[in-house]
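Peer 1: The hints should help you fit chain B onto chain A, whose structure is shown.
Those sequence lines, one after another, are chains A and B. If you're matching positions, the first sequence starts at 1 in this note's numbering and goes up one per residue. If you're matching positions, the second sequence starts at 1 in this note's numbering and goes up one per residue.
Taking lysine to aspartate or glutamate and the EDC-like style, the derived pairs with C-alpha atoms no more than 20 Å apart in a straight line are:
{"#": "1", "chain 1": "B", "residue 1": "Lys88", "chain 2": "A", "residue 2": "Asp206"}
{"#": "2", "chain 1": "B", "residue 1": "Lys173", "chain 2": "B", "residue 2": "Asp80"}
{"#": "3", "chain 1": "A", "residue 1": "Lys274", "chain 2": "A", "residue 2": "Glu378"}
{"#": "4", "chain 1": "A", "residue 1": "Lys274", "chain 2": "A", "residue 2": "Glu375"}
{"#": "5", "chain 1": "A", "residue 1": "Lys307", "chain 2": "B", "residue 2": "Glu62"}
{"#": "6", "chain 1": "A", "residue 1": "Lys257", "chain 2": "B", "residue 2": "Asp73"}
{"#": "7", "chain 1": "B", "residue 1": "Lys88", "chain 2": "A", "residue 2": "Glu205"}
{"#": "8", "chain 1": "B", "residue 1": "Lys88", "chain 2": "A", "residue 2": "Asp106"}
{"#": "9", "chain 1": "A", "residue 1": "Lys307", "chain 2": "B", "residue 2": "Asp73"}
{"#": "10", "chain 1": "B", "residue 1": "Lys173", "chain 2": "B", "residue 2": "Glu79"}
{"#": "11", "chain 1": "B", "residue 1": "Lys88", "chain 2": "B", "residue 2": "Asp73"}
{"#": "12", "chain 1": "A", "residue 1": "Lys257", "chain 2": "A", "residue 2": "Asp106"}
{"#": "13", "chain 1": "B", "residue 1": "Lys173", "chain 2": "B", "residue 2": "Glu62"}
{"#": "14", "chain 1": "A", "residue 1": "Lys257", "chain 2": "A", "residue 2": "Asp95"}
{"#": "15", "chain 1": "B", "residue 1": "Lys76", "chain 2": "A", "residue 2": "Asp206"}
{"#": "16", "chain 1": "A", "residue 1": "Lys307", "chain 2": "A", "residue 2": "Glu4"}
{"#": "17", "chain 1": "A", "residue 1": "Lys274", "chain 2": "A", "residue 2": "Glu299"}
{"#": "18", "chain 1": "B", "residue 1": "Lys173", "chain 2": "B", "residue 2": "Glu149"}
{"#": "19", "chain 1": "B", "residue 1": "Lys76", "chain 2": "B", "residue 2": "Asp32"}
{"#": "20", "chain 1": "A", "residue 1": "Lys167", "chain 2": "A", "residue 2": "Glu148"}
{"#": "21", "chain 1": "B", "residue 1": "Lys76", "chain 2": "A", "residue 2": "Glu205"}
{"#": "22", "chain 1": "B", "residue 1": "Lys88", "chain 2": "A", "residue 2": "Glu375"}
{"#": "23", "chain 1": "A", "residue 1": "Lys257", "chain 2": "B", "residue 2": "Glu79"}
{"#": "24", "chain 1": "B", "residue 1": "Lys173", "chain 2": "B", "residue 2": "Asp188"}
{"#": "25", "chain 1": "B", "residue 1": "Lys88", "chain 2": "A", "residue 2": "Asp95"}
{"#": "26", "chain 1": "A", "residue 1": "Lys307", "chain 2": "B", "residue 2": "Glu68"}
{"#": "27", "chain 1": "B", "residue 1": "Lys88", "chain 2": "A", "residue 2": "Glu194"}
{"#": "28", "chain 1": "B", "residue 1": "Lys173", "chain 2": "B", "residue 2": "Asp148"}
Derived from the structure by calculation, the hints contain no laboratory data.
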Amino acid sequence: MSPEAARSVGWGAAATLAVTVLILVGSRNLAHFDAALVAYTFAVLFATFGLAYRYTMWLQRPPTALYWRRGWQAFLQPGAWLGNLASWTTRFASDVLANAFILRRDRSRGVAHLLIMWGCLIAVAITFPLVFGNLHFRAVPGDLSRYEAMVSGFPAFRFEHGSMVGKFLFHGLVWASFLVLAGVMLAVRRRVREQGAGAVQRFAEDFMPLILLFAVSLTGLLLTASYTWMYGYGYTFIAILHAITVIGTFLWLPFGKLFHVFQRPAQLGVRFYKDAGRAGEPALCRRCGHAFSSRMHVEDLIEVERKLGYTYEVADGEVRHYQWICPRCRRASFVTAQSLLWQGTRGGGSLEGSGALPMPRYANPGEGAGPLGAEDAENYHP
Amino acid sequence: MSVDARDARVFFVDPGRCIGCQSCVQACTECDTHRGRSMIQLDVLDRARSPQTAPVVCMHCESPTCAEVCPADAIKRTEDGVVQSARKPRCIACNNCVLACPFGVPKMASSLDLMMKCDLCYDRTSVGLKPMCASVCPSQALAYLTPDELARLRPAARPVNTFRFGAQAITTKVQVLVPRGAPVEVIDVTAAMHEPSLGHEVAAEVFDAVLEGADAPEGRS
Chain A
1 MSPEAARSVG
11 WGAAATLAVT
21 VLILVGSRNL
31 AHFDAALVAY
41 TFAVLFATFG
51 LAYRYTMWLQ
61 RPPTALYWRR
71 GWQAFLQPGA
81 WLGNLASWTT
91 RFASDVLANA
101 FILRRDRSRG
111 VAHLLIMWGC
121 LIAVAITFPL
131 VFGNLHFRAV
141 PGDLSRYEAM
151 VSGFPAFRFE
161 HGSMVGKFLF
171 HGLVWASFLV
181 LAGVMLAVRR
191 RVREQGAGAV
201 QRFAEDFMPL
211 ILLFAVSLTG
221 LLLTASYTWM
231 YGYGYTFIAI
241 LHAITVIGTF
251 LWLPFGKLFH
261 VFQRPAQLGV
271 RFYKDAGRAG
281 EPALCRRCGH
291 AFSSRMHVED
301 LIEVERKLGY
311 TYEVADGEVR
321 HYQWICPRCR
331 RASFVTAQSL
341 LWQGTRGGGS
351 LEGSGALPMP
361 RYANPGEGAG
371 PLGAEDAENY
381 HP
Chain B
1 MSVDARDARV
11 FFVDPGRCIG
21 CQSCVQACTE
31 CDTHRGRSMI
41 QLDVLDRARS
51 PQTAPVVCMH
61 CESPTCAEVC
71 PADAIKRTED
81 GVVQSARKPR
91 CIACNNCVLA
101 CPFGVPKMAS
111 SLDLMMKCDL
121 CYDRTSVGLK
131 PMCASVCPSQ
141 ALAYLTPDEL
151 ARLRPAARPV
161 NTFRFGAQAI
171 TTKVQVLVPR
181 GAPVEVIDVT
191 AAMHEPSLGH
201 EVAAEVFDAV
211 LEGADAPEGR
221 S
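Bound-form chain B, shown alone:
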């Protein structure tokens, strides 16, 4: 299904809103391209002291390191910018992609000799539907929205899709939400490498916004 730019949805990630409910993990296992296995990486950062959970999906890099370091040419990027999971006939399970991905996304299924990773629910998103994880995320830490929906539902946020890892800048198809007023064009990941996680008051901003009617949950596909 072709869609024009106003209707084209973008995957927005806002890990700070994650409440660790694992809905995304369970929904991901329903995806037909990797049935029964979740491709969501969901970690608890500091269980003893913080409620912060870290939901990470494939960011679909414009220049995917995973694909570049693959000795078997097994990882391909579609014309619409989706970095697909390893092609089964080619993947030799060498683990290069798992170790090279700057976001720590791919998983290695050794018994199958196959790397597996999030492919943006290509069976769904290629026909205009939301990815499984975004369709069930109750706090919309993982959200699949049009630009208009983003402006309406997240007035305090704006997207950024360039990240810095040491001297390397990586631009991605999936976008991360930062405060609208923050003077940030590139998120420096390595600068936060040694920072402890936040002991923030859980999603106060989220609930305040809902009470003001600005952040009502969007409809699901």
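Chain A with its partners taken away, still in its complex shape:
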């Protein structure tokens, strides 16, 4: 076993142990643990191990490790962390809670994602405490018209059976299912109708999570339908089917597309890294002399490439590493190298001149044809 894998197994075991302890403490030493849900509990524990293992493996990749470190350094730099916390809150609300960037990518994609995400979050918020034995309900002593929610063995709040609060709480998973089903239908519609999506999608990566979420939601709804309108017809079978779909989803969670739920917050750290880069010294292209990125980013990339085994070092004493050439000058160098080979056949002569080579220009800097926004333009020269 490689040292990276051994470290990841360690973190996976530690995370699983931590969740187990939380379950024991939260359920008052299993006093309130619902034995009927034990299969779900073990599925969650397995998923915890898998997620911690994969996350740790991921964090040990050279680029991820460096960004992880740099992101935290940028966030926690002395004197700035209060402002960073404020901007983190704004970015978290916009990117994570409101999915603003996904809506900008594609409205139907964004709406589908919002529905699925919030449906899953509500479902997780309801089921996990129940599965862990951290939440249970009991009748208020001496008042059978009211229920009391007990969180980790402590009374939290009381409500009337038939009140709106009660209805929402007891049917929370139904509402969550509706959200997920609507989102899944929108997502499938987009994947079936759009040629662009159709060209690059893969069954395991793109359809599997939708099928799993659909199965979980549908079997969950069937449970409600069974006991509400069908006198419990087929309830045991549906309950087993629902358990299989949910447990299957948990077991698959660390390996498939849904792992992005845990990777995605890295986007917030990247923003702080970029902020720090903009505030610092720029990188100057060693072909045309213009600024094209932050010096910190270029130096970090050189370190990452070396760790990955790339050898972009250049013998030229002034350039030293190909990473110091801006993307636009890389394209110019590539094309010039090919054109020079044809010089004997096609004619033409090298344009002699003094000083630095001129900065290449976009043939068409217009919207859609040139850079895709301000940052893209900066990459090629401010």
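Peer 2: Leaving out everything else, chain B in the frame of chain A:
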């Protein structure tokens, strides 16, 4: 659609033939995977003194640096060697790929928190059609041909797909055309880094070949 080796088309790039018409840029915006945005990088190298334009598409490296430096595992290479644009759920818009690509290909759409790049019109090429850019390029600086078509239409050229950047050699799926007789197996990009662009007589070789009937424009998909 499966095709055998003789029918399998290869993307050939011959930037020296580019006339800067921007047809590729406009055609690229039609691609369904990135509608309205062109993934072609088309630069004018020295506007004041040379007509040389530089059309650059993703070269689809066998060991893609962009994918290796991606902290989010967002860039995947298909079994048939196409390095796809960033997977949307994963890309965190860190800009590593944009800065690391030795050919300077990826673009960063900051408002979408997404890197975008040429994916060889996967919706078209995966079913045997030409990429949008190659289907409209009038000088066929970007050409998608079978080996037989290449031999017939470009008798003076042969493909090379290994490039040197400093000490690093990179091999690509997309191939670059060099003179048939040139003793070149690897194109040294960094050796040309400080070379000025050519003030060549625009595509004289191209038109001579057409007049001799050897380089007639091929049919379009």
